[in-house]
Amino acid sequence: DGGITQSPKYLFRKEGQNVTLSCEQNLNHDAMYWYRQDPGQGLRLIYYSQIVNDFQKGDIAEGYSVSREKKESFPLTVTSAQKNPTAFYLCASRTTTGGVVEQFFGPGTRLTVL
Amino acid sequence: AQKVTQAQTEISVVEKEDVTLDCVYETRDTTYYLFWYKQPPSGELVFLIRRNSFDEQNEISGRYSWNFQKSTSSFNFTITASQVVDSAVYFCALSDLTYGNKLVFGAGTILRVKS
Chain A
1 DGGITQSPKY
11 LFRKEGQNVT
21 LSCEQNLNHD
31 AMYWYRQDPG
41 QGLRLIYYSQ
51 IVNDFQKGDI
61 AEGYSVSREK
71 KESFPLTVTS
81 AQKNPTAFYL
91 CASRTTTGGV
101 VEQFFGPGTR
111 LTVL
Chain B
1001 AQKVTQAQTE
1011 ISVVEKEDVT
1021 LDCVYETRDT
1031 TYYLFWYKQP
1041 PSGELVFLIR
1051 RNSFDEQNEI
1061 SGRYSWNFQK
1071 STSSFNFTIT
1081 ASQVVDSAVY
1091 FCALSDLTYG
1101 NKLVFGAGTI
1111 LRVKS
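For the record, the sequence lines run as chains A and B.
First residue of the first sequence? That's 1 in the numbering used here, and the numbers climb one at a time after it.
First residue of the second sequence? That's 1001 in the numbering used here, and the numbers climb one at a time after it.
No lab work stands behind these hints, which were simulated from the structure alone.
C-beta atoms are modelled at their ideal positions from N, C-alpha and C, and glycine is treated no differently.
Treat the hints with caution; some may be incorrect.
Calculated pairs, SDA-like style, for lysine to any residue (alpha carbon to alpha carbon, straight line, at most 20 Å) [unchecked claim]: (1) Lys71/A / Gly1062/B; (2) Lys57/A / Gln1002/B; (3) Lys1102/B / Ser65/A; (4) Lys57/A / Asp1096/B.
A partial selection of chain A residues facing chain B, derived with a Cβ cut-off under 10 Å [as the list claims (entries may be wrong)]: (5) Phe12; (6) Gln41; (7) Phe88; (8) Pro107; (9) Leu114.
Chain A on its own, in the form it takes in the complex (with noise of 0.2 Å):
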């Protein structure tokens, strides 16, 4: 089936270390996007990509990394810089050709900072 995969489901991390967020997609879309939500808060922008190779900051892409090294990947990297990391994190990915302009997002990642 086609869709968009994230893991681990549940992450828990030491304060201090970094941790990667996995993000896949076999629906053959160009760009992808990495949001965070907070308790009561909408989704916010971390990072987006376009397309392999390329990627942009959003509004909040402060103590994060991410990487476009192949069209399905999108891997978000919480570094120890980002203060308050705890989050429920979501990775969308969309199609860039047929007009078509909406965002399917993944199962998403609770993260939780020990």
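Take the given structure of chain A and dock chain B to it, following the hints.
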């Protein structure tokens, strides 16, 4: 700057009641897109509808309907005869046509439908 406001933080209704979720947006663009997403307890966002700024026709899909009014910058969502399975967080979002087609989300409305 673009902004989406969902003034209703939480709504509780009894099954079979109709419920309307409000969404007000701000943008300087003349061309933009509006969306509604549903987030059930599992956490994944489910796409419900897209509307572009040139199409003000209302849309109905089963028990769901959407009312887009550019004059008031609103894109409201109505669920008719609500069901327990409609319980979720609903997000309204706005996208421009600049590089990346980034989405700006409202804070969401929690809908609780009680049996």
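A quick look at each hint next to the structure:
no.	hint	verdict
1	Lys71/A / Gly1062/B	violated (36 Å)
2	Lys57/A / Gln1002/B	holds (17 Å)
3	Lys1102/B / Ser65/A	holds (18 Å)
4	Lys57/A / Asp1096/B	holds (16 Å)
5	Phe12	violated (17 Å)
6	Gln41	holds (6 Å)
7	Phe88	holds (6 Å)
8	Pro107	holds (5 Å)
9	Leu114	violated (21 Å)
Hint violations for this structure: numbers 1, 5, 9, all remaining hints satisfied.
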